[in-house]
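Student: Chain by chain, the residues:
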Amino acid sequence: MSALPRAGELGLIGCHVCGLVCRDTRTADLACPRCSAQLHRRKSASISRTWALLITAFIFYLPANLLPIMRTVSLGDVDDNTILSGVVELWVNGSPDLAVIVFTASIVVPMLKFLVLGMLLLSAQRRSGWAQRQRALMYRLVEFIGYWSMLDVFVVALLTALVRFSVLSRVEPLPGVIYFGLTVVATMLASMSFDPRLIWDNRDNDD
Amino acid sequence: MTEETTPAGDELPQPVVHRRRLGASLIWLVPVLASLVGLSLVINSWLQAGPTVTISFDSAEGLDAGKTTVKYKNVVIGKVSKIRLSEDRAKVLVKVALEKSAENFARADTRFWVVRPRIGLGGVSGVDTLLSGAFIGVDVGTSKEPRDQFVGLEIPPAVTYGAPGRSFALHAEDLGSLDIGSPVYFRRVQVGRVASYALDKDGRGVTFQIFVDGPYDQFVTKSSRFWNASGLDVSLGASGLKVNTQSLAAVLAGGVAFQDPAGPHDASRASEGDTYRLFGDKATAMAPPDGPSQYIRMRFNQSLRGLAVDAPVEFLGINIGRVVSINMDYDEKHQSFPVTVGAVIYPQRLGRAYEKLAALAEAQGTGADLSQMVAKLVANGLRAQARTGNLLTGQLYIAMDFLPKAPKVDFDPAARPLQIPTAPGSFDKLQEQLGEIVDKIHKIPFDAIGTHLNEALAGLDTTLKQVNGNVLPELHGTLKDARKTLGTANNALSGDSPLQQNLSGTLQELQRMARSLRVFSDYLGAHPEALIRGRKADPAPPAPARTQPTPATGAKP
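Line by line, the protein sequences are chains A and B. All residue numbers in the first sequence are consecutive under my numbering, ending with 667. All residue numbers in the second sequence are consecutive under my numbering, ending with 693.
Keep in mind that the hints are not guaranteed to be accurate.
Said to hold, decoys possible - Pair ranges (Cβ atoms, derived):
| id | chain 1 | residue 1 | chain 2 | residue 2 | range |
| --- | --- | --- | --- | --- | --- |
| 1 | A | V477 | B | Q184 | 24 to 32 Å |
| 2 | A | F625 | B | P351 | 39 to 47 Å |
| 3 | A | N553 | B | Q354 | 54 to 62 Å |
| 4 | B | V325 | A | T620 | 45 to 53 Å |
Hints are computed from structural coordinates only; laboratory data are not their basis. C-beta: ideal position from N, C-alpha, C; glycine also.
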């Protein structure tokens with residue numbers, strides 16, 4: 461069965477913003493005649509942007525995990541926790557369910573994003589036609605779960621605001637949480653800058 | 137790809153052309169920036185990292201890797217990064233990452249200890265660690281030599297480096313109730329504490345290191361006396377019961393006090409590390425120095441029940457030493473068990489007497505040796521006696537007194553230790569005399585006396601029988617006669633008896649005679665010539681007065 465034709469093949473180009481379909485004149489620097497938004501057949505420099513943001517996210521992910529994210533002071537007992545030590549503490553102190561949630565949100569999801577985006581980028585660069593539907597599914601999944609990684613950041617922010625009993629108990633944010641937030645933001649930007657249509661851009665090869 | 141499927145080109149709007157401003161490659165600035173941030177973190181932590189030292193402790197109680205801090209003057213200067221056991225599992229090795237600013241703490245003489253809550257009699261410390269958990273305290277040393285292996289102290293040092301003040305050494309017989317941190321008092325003000333103590337190498341005493349804080353250290357002089365101020369000093373003297381103590385804490389936890397002796401003394405300031413003797417109580421500390429001690433020995437041929445080690449040795453009532461040993465001996469010759477008492481005496485406690493004796497002995501050329509002096513004193517009757525100090529408890533003390541009547545003894549001044557001859561104590565003497573009396577009483581033949589008395593009584597009995605049988609009837613008659621005589625006498629003397637009548641008449645005559653004699657003598661006094669010339673005729677009485685004639689003129693002697 462012959463696949464459906466692409467917009468590019470039909471000499472068409474759609475506006476990302478207002479959805480106006482224009483004639484593709486095959487020239488550079490096209491703009492939508494209705495909303496003046498830039499027109500491009502694919503997100504411009506999608507792969508390199510995604511790569512750059514992904515690498516940024518990964519760089520921030522290291523201090524986010526190594527530096528403590530939260531300081532709990534209760535009755536003079538100062539406790540600095542990194543993400544992993546927090547998870548371990550939760551598990552040891554009898555809240556394995558919470559530990560699993562935090563572990564998923566803070567460790568599994570970012571790692572999943574790194575892996576999935578990296579894989580998508582590599583396969584898109586190689587214009588691979590392998591498991592295209594699954595890859596598209598994975599991309600949507602990554603987009604969907606991306607912001608759930610902010611859970612940790614919100615936990616710290618909420619605790620810091622709520623737990624302020626001076627001597628009795630106090631929670632302070634530590635630099636780790638900033639890096640973690642940056643990681644999450646960078647991964648979200650990376651997944652946004654990835655153009656999922658690149659997954660399907662291999663037709664010329666497998667035709 | 138068929139033409140039919142393509143929409144008509146003209147229906148679609150033509151895009152406009154806009155100049156693009158940014159190149160896609162600028163996005164790579166973001167990871168570069170991120171890596172710069174990451175790099176700066178790495179460099180920062182690398183620059184911040186100070187030296188890592190390893191401290192060994194007996195136990196890691198309260199220590200937590202990654203949590204326990206190292207504090208100097210309550211400022212965090214490091215953190216415990218790792219805790220592990222030593223190879224032989226005897227110690228706990230605590231790895232501490234010091235901060236960059238605390239680099240100079242890694243010195244050879246820096247001391248580390250674990251600050252835990254401590255509750256002692258002297259007070260409570262480290263209460264804050266009850267909540268925050270233990271931390272490692274540091275006292276930075278002064279050495280220039282760097283080091284990264286330390287042995288942690290199990291108890292906090294009482295004295296930190298650089299604290300103003302001076303430390304001194306005290307030598308005592310035993311530890312008493314003192315401990316590290318026990319207070320040092322000067323006039324009941326706490327001015328320092330016991331820094332450490334150690335048994336002497338020969339095991340004959342304990343040496344304390346005390347630290348006296350500045351500026352109080354100036355009160356420690358070369359002649360200062362230190363004494364153990366622990367506990368209560370209760371003395372019952374002529375002025376009543378006296379309880380003396382430094383403070384309540386000292387009663388419970390012990391303490392050391394010092395003061396200069398009364399009277400002239402060397403008041404120059406002591407220098408760091410001077411050694412002093414720690415006396416048992418204030419009285420002994422303040423007493424004049426004992427000088428060298430002399431060991432003497434005495435043999436008593438009596439029971440010494442009530443004599444204990446440390447009993448005083450007194451010379452004419454002055455305490456000059458104490459008993460140090462009491463041992464049993466066996467005398468083969470007399471088949472007896474003499475008791476050998478060893479005592480330590482301090483001849484200098486005799487004060488001027490000793491000086492004079494020594495000077496005298498020196499002058500006589502016998503040398504100021506104690507034995508020579510004692511020899512002379514023994515010749516004069518010096519004897520040691522065990523006397524009762526307390527009649528209730530029967531405690532004995534050794535008294536040295538001159539007993540002129542004491543039998544002469546041989547005294548060997550060359551003998552070592554010096555052997556002081558003894559005499560039975562006064563109480564023993566009393567016992568002896570009592571014994572003699574009892575002996576004498578025992579010698580009285582009470583049996584024979586009894587028999588004789590019995591015989592005598594039997595004789596008396598017969599005599600009385602005789603008296604009853606013969607003498608009493610006779611006596612009866614005699615008494616009757618006597619009564620008769622008395623009746624007669626009674627009659628003779630009664631008021632109406634002739635004898636009485638006659639006697640009365642006679643007495644009246646006598647009375648009359650006496651009156652005549654008086655008239656006569658009166659007349660003679662007035663008219664002595666009447667003896668020769670005879671009585672003159674009475675002068676004629678005056679006429680108006682002659683109502684009654686005087687009756688007395690008619691009488692004539």
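Student: State for each hint whether it applies.
Tutor: Hint by hint, here is what the structure shows:
Distance hint for V477 (chain A) and Q184 (chain B): a CB-CB separation of about 49 Å, inconsistent with the stated range 24 to 32 Å. Checking the proposed 39 to 47 Å range against F625 (chain A) and P351 (chain B) shows it holds: the Cβ atoms sit about 45 Å from each other. A hinted range of 54 to 62 Å holds for the C-beta pair N553 (chain A) and Q354 (chain B), which are about 58 Å apart. At roughly 50 Å, the beta-carbon separation of V325 (chain B) and T620 (chain A) lies within the given 45 to 53 Å, and the hint holds.
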